[in-house]
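Residue numbers (the working numbering), protein chains in the order written: chain S, 1 to 112; chain H, 1 to 113.
Careful, some of the hints might be misleading.
To be verified - Restraint-style ranges between C-beta atoms, simulated for each label pair: (1) H/S70 / S/K40: 30 to 38 Å; (2) S/S51 / H/S70: 43 to 51 Å; (3) H/S70 / S/T18: 16 to 24 Å.
Claimed, not checked - Below, a list of computed lysine-lysine pairs in the DSSO-like style, where the Cα atoms sit at most 27 Å apart: (4) S/K67 / H/K57; (5) S/K41 / H/K13; (6) S/K37 / H/K13.
By construction, these hints were calculated from the structure, which means they are not laboratory data. A virtual CB, placed ideally from N, CA and C, is assigned to each residue, including glycine.
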Amino acid sequence: EDKVVQSPLSLVVHEGDTVTLNCSYEVTNFRSLLWYKQEKKAPTFLFMLTSSGIEKKSGRLSSILDKKELFSILNITATQTGDSAVYLCAVNSGGSNYKLTFGKGTLLTVNP
Amino acid sequence: KAGVTQTPRYLIKTRGQQVTLSCSPISGHRSVSWYQQTPGQGLQFLFEYFSETQRNKGNFPGRFSGRQFSNSRSEMNVSTLELGDSALYLCASSLDPDFYEQFFGPGTRLTVL
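Extracted from the complex, chain S is given alone in its bound form:
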């Protein structure tokens, strides 16, 4: 059975801190790994990673994938209160037939 595990489950930091969120996976037909941010509504897309070692960056957020060790990290630098959310990692593991397996998420709380 495909499995995606995120750690930590929750994290409390102060504004300005840097955080690293982890995602490990065990799936049979890896296609891509995705990160989403979910506040009190539907998830919003952050990154899609398909190749090892290539960092994707968007503002203060960045992510990298290691397909040999089967994990990804999401970094957020200079955190702001608006970064408070659940960060979800998901793996497209359906081979040629799309199927997304999600981790349970990391709840990030950024205090002023």
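Starting from the known structure of chain S, fit chain H onto it as the hints suggest.
Just chain H now, with coordinates in the frame of chain S:
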């Protein structure tokens, strides 16, 4: 460009009833995926449709079914509702989720009494 729309937004049903939820994707998107979100299990993949074909489905009983129409709009149906079916049901659309991001709708909150 209008986003993904889901109807209804809230629904209350009783055990044993059936329910149909609707999702209208972003114009031009051919893929629609459905997910169930609960506090205990998190987000779980139900199924994905691409050009009216179900390409894959998650580990849900046969009571959960869906379809996609030629205009890419999709419906999911849950028959013989159980208390455990209470959840937020999200749909997401994409040009092709293998290569392009998915955009999620606001969800339908289903409560089964």
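Taking the hints in turn, this is what the structure says about them:
Taking the beta carbon of each, H/S70 and S/K40 are about 35 Å apart, inside 30 to 38 Å as hinted. Our hint of 43 to 51 Å for S/S51 and H/S70 is violated, since their Cβ atoms are close to 36 Å apart. Separated by about 49 Å at the C-beta atoms, H/S70 and S/T18 break the suggested range of 16 to 24 Å. Under the criterion of a C-alpha separation no larger than 27 Å, the hint pairing S/K67 with H/K57 is consistent with the structure, at around 25 Å.
Proposed proximity of S/K41 and H/K13 is supported: the alpha carbons are some 22 Å apart, at most 27 Å. The straight-line distance between the Cα atoms of S/K37 and H/K13 is roughly 30 Å, outside the 27 Å bound, and the hint therefore fails.
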